[in-house]
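First to last, the protein sequences are chains A, B, C and D. In terms of the numbering used here, the first sequence opens at residue 54 and continues consecutively. In terms of the numbering used here, the second sequence opens at residue 54 and continues consecutively. In terms of the numbering used here, the third sequence opens at residue 54 and continues consecutively. In terms of the numbering used here, the fourth sequence opens at residue 54 and continues consecutively.
Please note that the accuracy of each hint is not assured.
Identical copies look the same in the list; a pair holds intra-copy or inter-copy alike.
Calculated cross-link-like contacts (lysine to aspartate or glutamate; reagent style EDC-like; alpha-carbon spacing at most 16 Å) [stated by the list, open to error]:
(1) K173 <-> E364
(2) K335 <-> E203
(3) K173 <-> E206
For the record, the hints were derived by calculation from the structure and aren't laboratory data.
Number of protein chains: 4
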Amino acid sequence: MNKRGFASDNNSGIHPAILEAIQNVNIGHVAGYGDDIYTQNAINEFKKIFGNEIEVFFVFNGTGANILSITSSTNSFNSVICAATAHIFVDECGAPEKASGCKLIPITTKDGKLTPELIKPQLLGFGFEHHSQPKLISISQVTELGTVYEVDEIKAICKLAHQHGMLVHMDGARIANAAVSLNLPFNAFTSDAGIDVLSFGGTKNGMMFGEAVIFFNKELAENAKYIRKQSTQLYSKMRFIAAQFSAYFANDLWKINAAHANKMASVLAGKLVEIGIPITQKVSANGIFAILDDEIRDKLQKEYFFYPWDESNHEVRWMTSFDTAPEDIDSFCKALEKLLNE
Amino acid sequence: MNKRGFASDNNSGIHPAILEAIQNVNIGHVAGYGDDIYTQNAINEFKKIFGNEIEVFFVFNGTGANILSITSSTNSFNSVICAATAHIFVDECGAPEKASGCKLIPITTKDGKLTPELIKPQLLGFGFEHHSQPKLISISQVTELGTVYEVDEIKAICKLAHQHGMLVHMDGARIANAAVSLNLPFNAFTSDAGIDVLSFGGTKNGMMFGEAVIFFNKELAENAKYIRKQSTQLYSKMRFIAAQFSAYFANDLWKINAAHANKMASVLAGKLVEIGIPITQKVSANGIFAILDDEIRDKLQKEYFFYPWDESNHEVRWMTSFDTAPEDIDSFCKALEKLLNE
Amino acid sequence: MNKRGFASDNNSGIHPAILEAIQNVNIGHVAGYGDDIYTQNAINEFKKIFGNEIEVFFVFNGTGANILSITSSTNSFNSVICAATAHIFVDECGAPEKASGCKLIPITTKDGKLTPELIKPQLLGFGFEHHSQPKLISISQVTELGTVYEVDEIKAICKLAHQHGMLVHMDGARIANAAVSLNLPFNAFTSDAGIDVLSFGGTKNGMMFGEAVIFFNKELAENAKYIRKQSTQLYSKMRFIAAQFSAYFANDLWKINAAHANKMASVLAGKLVEIGIPITQKVSANGIFAILDDEIRDKLQKEYFFYPWDESNHEVRWMTSFDTAPEDIDSFCKALEKLLNE
Amino acid sequence: MNKRGFASDNNSGIHPAILEAIQNVNIGHVAGYGDDIYTQNAINEFKKIFGNEIEVFFVFNGTGANILSITSSTNSFNSVICAATAHIFVDECGAPEKASGCKLIPITTKDGKLTPELIKPQLLGFGFEHHSQPKLISISQVTELGTVYEVDEIKAICKLAHQHGMLVHMDGARIANAAVSLNLPFNAFTSDAGIDVLSFGGTKNGMMFGEAVIFFNKELAENAKYIRKQSTQLYSKMRFIAAQFSAYFANDLWKINAAHANKMASVLAGKLVEIGIPITQKVSANGIFAILDDEIRDKLQKEYFFYPWDESNHEVRWMTSFDTAPEDIDSFCKALEKLLNE
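Kindly generate the complete structure, drawing on both the sequences and the hints.
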């Protein structure tokens, strides 16, 4: 048995219901590349959530989803505005620039969240050929700092974007955790708030692999099938992503999983505060950012692998996931307390 | 139950032993992105086959494997020489050009196989800055026309390439079928024959997804991990590709599956000849190319989905797979005969 | 004094009237990047030729013009169909693939000219996401083999393209030579024949540098100014390209230069035939393709630099230019005859 | 006569000695693309300055030079660190990202100058495949804010870069103005200070067009000729760039021009201070940054075209050039004073 820890929600495995769904569709032959009934069913699940006026494209992973979203929404001479902490800026090894040719403009934030005030100074140079043309604002929900945008915050960003003829992308790698945190249906803070294109993640919340790009602005989807293929993200045996999403939406599995992860984060954060560990960001979903003495950190990492977040600041990150057990938290906190008391 | 047909070997599902292997590693938490024991074990399986002096990178799919292979082996000002029928030229929506910037130079062949004689006229312009610099020759084993290169044929191409300071890539989407066809171990017609980098496929032979890029020329792998990430092909829950490959090599599953598919193709081809259907390419692996009257084709496609290959020539393609049953062949041939006799 | 030869029309210098025009606008300050009266005047010259419904963008060189044309007309998942001898395929070191991401599909021709019959077999896979989507046909006028398309030949290609929702680009690096050869105004075989976008060259016909991209299909020009800048082809002191074009059109300089070059090619070809040198392509403009014994070629190259064209075939290329003098031809032919008689 | 103003040093024309040099080499035929004696001579001029261990490549313009420099020094998965005001970040419409695939990391500075302290926080993630790998630091000399790096400041940046296996590029669009400002030869603050690759500009200081990329780190030049061609920056009639550079270095033309421009900036700045216009950056070369009331600015722009720099700050930019006359300054200041007194 591999020990469960708090390094990342992608260190968890596959929820049993997801694996069962894969097994259930593993019968006989099915046309490849999404031209099958399982894929159609999964798309219909998304239409139940977001309405019929969407286009859905399944891809392998989060970076693939972001690339398809960005490349479908921009020309190479455009710029993409994002938080300096955004996954697309920090954690994708330059995939967005390589694939789209666009310039990424990082904005420093205190909590991972963009605001109209932070964005506005970058909205310049429109029509000036020397300047990358601002076209897309990308926000992460949940942010990479574990915070969650309120609906009104998203609406304000979308309004600003649309006033300037721009578009808004949401990186929803942890969108289920956000929905639970906000206690709102997915559409309330995406399509209804003005988002144009969404990377809808599942892998971090119990799926084996597979994400979806949802185009609320259908014009953007015009060439998405070619872009998906050309960007290496078209899966041949598509039924096995589709079946996962169908299972993910059945019986509210997505919600149960995300609610559990969020709750575990809340519990862990509470214990950390008790122990005296300073928490640096509001714990709204399943991520905890905290200050930890370097020496303690190094010792704790020998028992529990996890990532330093900002070494200059002694900040670390812990993530809970759908399979975090209360006893995992107890063991972790005991190990931490022991080190603190040495 | 979905009917089994002959459209493509990727219309088949997952071999039960592969799915079981996935389930077996679905325990607890494991570090992401390949930094885990399962991935190490799978890499070791490849080292048992090809020796220790290789570098192995797992990716999601065949196009991803080809992109990683090509981009690692070239600069943007290079050209890649391939058969005009090559998957990288015809079936990847321009992914190689987009990702690498290289020019692809297609060569017309009669059987999908390049030869030194066919390649030589393109080996020009070295050092001439106006000309894309020839750098990589890419061959498919099995070819897209179902034929298989002999070892000596591969050696001759590799020798020619290396004499010109060039490299050779093998697209091994169906490499297991080739190994069975040649009755040789994998290394005999890859590393030992001079291949520099190999896309090693599994999805078409019973795996769920996941391919491997094997660098025999380790210098080419220097930046592969960054290229894999930047090209969106780094899987977070890597253990689930790794476990598949371990199961694929255990108990010769790869060989049993490929041998069966090849045998079924041979049986089907035999029956087609009996029925009077002209076969256009030597049936060396699991693909059959045949001439079929357009009207018959259209009617048959209503019962069995399959692809026309060259409409100008009334040529169609049929593929067998690891799960093709003899009765599938019987039913198919009966349906065809019935149409022919109408 | 540098000896005049027949290696290339770009080995010639600047026509005195062009240099004078540069000098004439070298007064005081002028806004950069084309926002000036000289640029406006030059654009108006093009509008006199092609009508007002065009968009004109000046660039530095021919490859820059082709890149702007292609990138403005395609998405990265498109393919561009061209002759296997096309400059964009053979002589631009892969610039089109790198800049546009597109696949180039080379078609073998006997004379450098595409025809509907040659193109049609490549017009497939529309809507099929695995296949690069055919979008642009690019023809060279004059071709790289010195031949010239008739108006009807161009119309037939454009009609075919438009029937398939495709576009046609003309690489007019030697368009003046073509106009003289056809004895037609520029518009007769470009805009009026259905061409969508034109690389209009001047450098090979007496200009110092500078080409123009003319969009007859104005929709394609929507983003051209950004693409020009991003592809490094926006000149700061634009008046110095503009003034050249104005001088080029004044007093029919373009026509006088091209007519002279064409005439000189005709004269040279006549003498070569007399000497007994086989000419391999129809001499319609200012290029001559001929068979020359390798030994003679090597010796002649010591006196006159020129390019072998197809070494497998002992074929060489000679070009005349606006400044070729009759005595240059005499000297060259004498040198050749002397070598032949040795 | 076009009025001389202060919008940009590229609004000026061609120095007569440059134009004369062009005329002087406009004789007969010369091999194209730099394979000629004029090009060799110009390269030798650079070797007199920087020593023999350099590689020199001429290109059309500054963006072309920067693209060649960056693309030769990086892989697509690298990042390039630069000031947030850098031309490569702000004024090239994303050309660096499109051409190289790299991520650009902008750093906010107070004066356009990077420092080790500003750079260090970005030197992280080495070897971590999720992170664009820091590879190149790009500095502008003169900076886009008119300031000039001291030799020791450059050495400190180069030392830091090399300690991390990184490289340093200098964008020397105004390098002559910097040399004059520092009263140092070019090599003192480039090759001798540790710079690896230099964009050496001339267009803004009296040349017609043409820049040079100088590789001090010759390994970086290995593929530069192909990259130059593929990036559309290879000029066919190369002698006409080469002759300009030879004239530029003859009789210290570069120095006379730059010294004049710098002096005129100093004079103008002095008068502006007298008039009561606040200067925001140290005037070290030929650029002046000042605060100007919006209404005054709008009126003044009707007489003299110039650029606002930072509208949020009421900041404007004025540039002097090699041909700025004292009376131009007088007229401009009078016009400004008149508006101020209205």
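Open item on the list: Please list, smallest to largest, the hint numbers that this structure does not respect.
Closed with: none
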